[in-house]
Amino acid sequence: MKLTAAREDILDPLQSVIGVVERRQTMPILANVLLSARDDRLGITGTDLEVELVASHAVSVQQSGDVTMPGRKLLEIFRALPEKSSVSITTEGDRATLRAGRSRFTLACLPATEFPVVEEINSQQHLKVAQSELRRLIDKTHFSTRSAKFALHRS
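Those letters in the sequence shown? Residues 111 to 265, per my numbering, in order.
It should be emphasised that the hints constitute simulated quantities derived from the structure, not laboratory data. A virtual CB, placed ideally from N, CA and C, is assigned to each residue, including glycine.
Heads up, simulated SDA-like pairs for lysine to any residue below, C-alpha to C-alpha not over 20 Å straight-line:
| no. | residue 1 | residue 2 |
| --- | --- | --- |
| 1 | Lys-250 | Val-239 |
| 2 | Lys-183 | Gly-129 |
| 3 | Lys-112 | Gly-175 |
| 4 | Lys-183 | Ile-128 |
| 5 | Lys-112 | Ala-222 |
| 6 | Lys-183 | Thr-136 |
| 7 | Lys-112 | Ser-195 |
| 8 | Lys-183 | Leu-121 |
| 9 | Lys-194 | Ser-166 |
| 10 | Lys-238 | Asp-249 |
| 11 | Lys-183 | Leu-163 |
| 12 | Lys-112 | Asp-176 |
| 13 | Lys-112 | Arg-209 |
| 14 | Lys-194 | Ala-210 |
| 15 | Lys-183 | Gly-203 |
| 16 | Lys-194 | Gln-125 |
| 17 | Lys-112 | Phe-215 |
Label pairs and their in silico Cβ distance ranges:
| no. | residue 1 | residue 2 | range |
| --- | --- | --- | --- |
| 18 | Gln-234 | Ile-139 | 28 to 34 Å |
| 19 | Leu-244 | Thr-216 | 45 to 51 Å |
| 20 | Gln-241 | Arg-182 | 34 to 40 Å |
| 21 | Asn-232 | Thr-114 | 30 to 36 Å |
| 22 | Gln-235 | Lys-194 | 42 to 48 Å |
| 23 | Arg-214 | Gln-235 | 46 to 52 Å |
| 24 | Gly-203 | Pro-226 | 18 to 24 Å |
| 25 | Lys-250 | Ser-198 | 46 to 52 Å |
| 26 | Arg-134 | His-236 | 38 to 44 Å |
| 27 | Arg-134 | Asn-232 | 31 to 37 Å |
Could you put the whole structure together from the sequences, leaning on the hints where they help?
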């Protein structure tokens with residue numbers, strides 16, 4: 111895999127999925143995020159086996175590929191880089207090299223085939239609930255969610 115992007119083009123989707131990536135896992139792969147680069151788009155996936163979050167952004171992909179990298183370490187690196195810097199990511203074997211200006215980082219990778227991906231559900235269901243009832247239900251259960259965002263639409 112080989113790609114080039116602005117720092118923010120990778121940092122924004124990475125921040126969107128990092129909430130489910132835990133530092134201490136019984137499975138080392140769960141501390142990683144899956145990076146999928148193809149068709150000038152980078153997809154970043156994080157999971158804790160219960161929740162899977164996926165975010166993507168347009169980047170310049172020179173060589174398509176999939177790889178997993180340590181999520182928290184990757185986030186720390188991108189936060190430390192100067193704003194609007196250009197970043198290139200190249201993978202070779204079980205190593206990924208990130209370059210931005212004079213900075214160079216080498217991260218150990220795990221194979222993308224080991225990353226647990228939740229199967230896509232292609233069914234749709236429609237449900238009508240009164241807004242007041244939905245509000246009551248959310249108020250009674252919101253304490254159990256981590257950082258869920260709810261969007262209510264009136265019909």
